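Chains A and B, in that order, are what the protein sequence lines are. If you number the first sequence the way our numbering does, the last residue is 252 and the count never jumps. If you number the second sequence the way our numbering does, the last residue is 198 and the count never jumps.
Possibly wrong hints are sitting among the right ones.
Pulled a few chain A residues facing chain B out of the computed Cβ check, cut under 8 Å [claimed, not checked]:
#1 Y77
#2 E81
#3 E222
#4 Y224
#5 T228
#6 D230
#7 A231
#8 L237
#9 K245
#10 K248
Chain B residues, not near chain A, derived (Cβ > 10 Å throughout) [stated by the list, open to error]:
#11 L14
#12 E64
#13 L71
#14 D107
#15 K108
#16 K156
#17 A165
#18 I167
#19 E179
#20 D185
#21 Q192
#22 L193
Bear in mind the hints are in silico, worked out from the structure with no lab data behind them. Since the model is a prediction, treat every value here as computed from it, not as a measurement. Don't be surprised by glycine CBs; every beta carbon is placed ideally from N, CA and C.
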Amino acid sequence: MKKILLLLLIFTNLTLFSAEIDNEFLDDDFASEFEDEFEDEVKIDLDPLSGYNRVMTGFNHSLFTYAVFPVAKIYVYIVPEVVTDSVDNFFENLKYPVRLANNLLQLKFTNSLEETGRFLLNSTVGIVGFFDPAEAWFDLKQHDEDFGQTLGHYGVGGGFHIVLPFFGPSNLRDTASLFVDWQIDPFFYQAGRSYNVLTNSVWESIALKSFEYFNKHSGNIEEYEVLTKDAVDLYPLFKNIYEQKREKEIAQ
Amino acid sequence: MKKLIQKYLTLLSLVMLMSTAAFASDISLITNTMHEKVNSIMVILKNDKLLECEKDTQIGKISEGLFDYSLMSRLSVGKKVWKSATPEQKKEFIEFFQIRMKKSYIDKTHLLSDEKVIVNDAVQVKANRIHLSVLIEGKDKDTNITYKYYRAKNKKWLIYDVDIAGISILKTYRAQFAEVLDGGDIQKLINQLKPTLS
């Protein structure tokens with residue numbers, strides 16, 4: 001019995017001791033432990049459009065810095081935040097069909113119910129969606145889902161990167177998915193479609209979409225400026241942020 | 001014999017308890033330090049009597065000793081590039097990267113001047129990793145910042161990465177550096193990081 005006890009003692013002390021060594025990190029183990037956390041990011045993915053993407057990133061950056069931001073600064077100065085928020089609520093409320101369809105496609109039924117509750121409440125009590133009593137009073141949260149996320153949810157990879165004019169970073173999967181989402185987006189116009197609700201031409205829908213985007217991000221100029229100020233290279237920076245963000249959204 | 005086993009078990013559980021207690025104190029130390037630092041940074045940001053550059057120096061001083069810049073430098077270029085760099089290059093790279101990181105960190109704290117900052121309790125995620133999340137309550141949306149600590153050789157806990165809204169800052173640097181390096185020499189990157197006088 002004593003022998004067993006002694007063995008036990010030696011064994012437990014040994015494990016305690018070896019745990020201590022682990023924490024000391026032998027240099028190579030130590031580095032490789034961190035590499036596991038970051039490895040896949042170092043290699044540059046297949047990027048057939050990198051030439052175009054770089055040009056478009058530069059174009060967007062100049063467009064924002066010299067044309068959009070000066071206007072946005074005036075817009076934010078004149079228009080009270082309550083109004084920009086309400087306008088955003090209005091647009092978001094009408095995108096309910098897109099969110100519902102994609103929540104359902106991913107079998108997220110609780111989220112779909114919550115979305116439906118939000119739409120009914122905000123469209124009526126919230127005065128056609130300008131206000132958000134659903135979240136304020138009932139804590140019903142919006143669950144953003146688009147077709148790109150639905151595909152990602154079922155394991156479809158992003159594919160190569162594509163930078164869109166004005167709207168910025170995207171990838172093959174998400175850009176192609178836009179066309180799917182637009183089919184049920186009330187802002188989108190398609191000639192010959194019997195259910196064009198809010199717009200009468202493609203240009204009108206582009207203008208509305210751009211205004212929505214402008215209104216939503218008009219308050220984020222400072223963040224954009226801080227982010228871009230210390231960039232070593234804008235294109236991989238935006239690209240990486242986009243991919244990390246999408247990965248997180250898909251996992252949710 | 002039974003007594004002996006009992007004694008041994010009590011001793012063992014005592015040892016176990018003490019080791020977890022050590023971690024508990026590490027966690028509260030990290031949480032409290034961050035609390036103090038965030039509070040003093042907020043006081044500086046709200047102080048209208050200070051010039052912007054004075055604020056920057058003071059915030060820089062407060063943030064001293066939190067980050068492991070040499071580890072971050074090493075991770076930002078990846079193992080292969082780091083191994084191929086000469087000691088001088090490594091030293092220079094760490095120096096320039098550190099200047100850039102500090103500046104970027106200070107610039108970002110300026111965005112917080114009108115926000116409410118809540119420091120949550122640190123959480124032990126692995127034996128040698130602690131995550132501390134800080135919530136920035138904005139007017140229309142909240143942003144979560146996660147500081148990732150590891151236990152350094154001297155048993156000190158240091159930050160090696162920061163996630164802002166789920167985006168790893170170190171990963172964004174890695175992506176940018178990989179593009180500049182393009183499988184090549186670290187010197188190109190060092191030249192690009194060299195701080196300009198402007």
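Outcome of the hint check:
1. Y77: violated, 16 Å
2. E81: holds, 7 Å
3. E222: Holds, because the Cβ-Cβ distance from A/E222 to chain B comes to roughly 6 Å (cut-off 8 Å).
4. Y224: With Cβ-Cβ at 11 Å, over 8 Å, it is violated.
5. T228: violated, 11 Å
6. D230: holds, 4 Å
7. A231: holds, 7 Å
8. L237: Interface hint status for A/L237: holds (5 Å vs cutoff 8 Å).
9. K245: holds, 6 Å
10. K248: holds, 4 Å
11. L14: Holds, since 13 Å exceeds 10 Å.
12. E64: Non-interface label on B/E64 holds, nearest chain A Cβ at 19 Å vs cutoff 10 Å.
13. L71: Its Cβ does come within 10 Å of chain A, the nearest being 7 Å, so this is violated.
14. D107: At roughly 5 Å from the nearest Cβ of chain A, B/D107 sits no farther out than 10 Å, so the non-interface label is violated.
15. K108: violated, 6 Å
16. K156: holds, 12 Å
17. A165: The claim is violated: B/A165 sits with its nearest Cβ about 8 Å from chain A, within 10 Å.
18. I167: Given a closest Cβ separation of 5 Å, the condition is violated.
19. E179: Non-interface label on B/E179 violated, nearest chain A Cβ at 4 Å vs cutoff 10 Å.
20. D185: holds, 15 Å
21. Q192: violated, 6 Å
22. L193: With a cut-off of 10 Å, B/L193 comes too close to chain A, as the shortest Cβ separation is near 7 Å.
The structure does not agree with the numbered hints 1, 4, 5, 13, 14, 15, 17, 18, 19, 21 and 22 stated previously, though it agrees with the rest.
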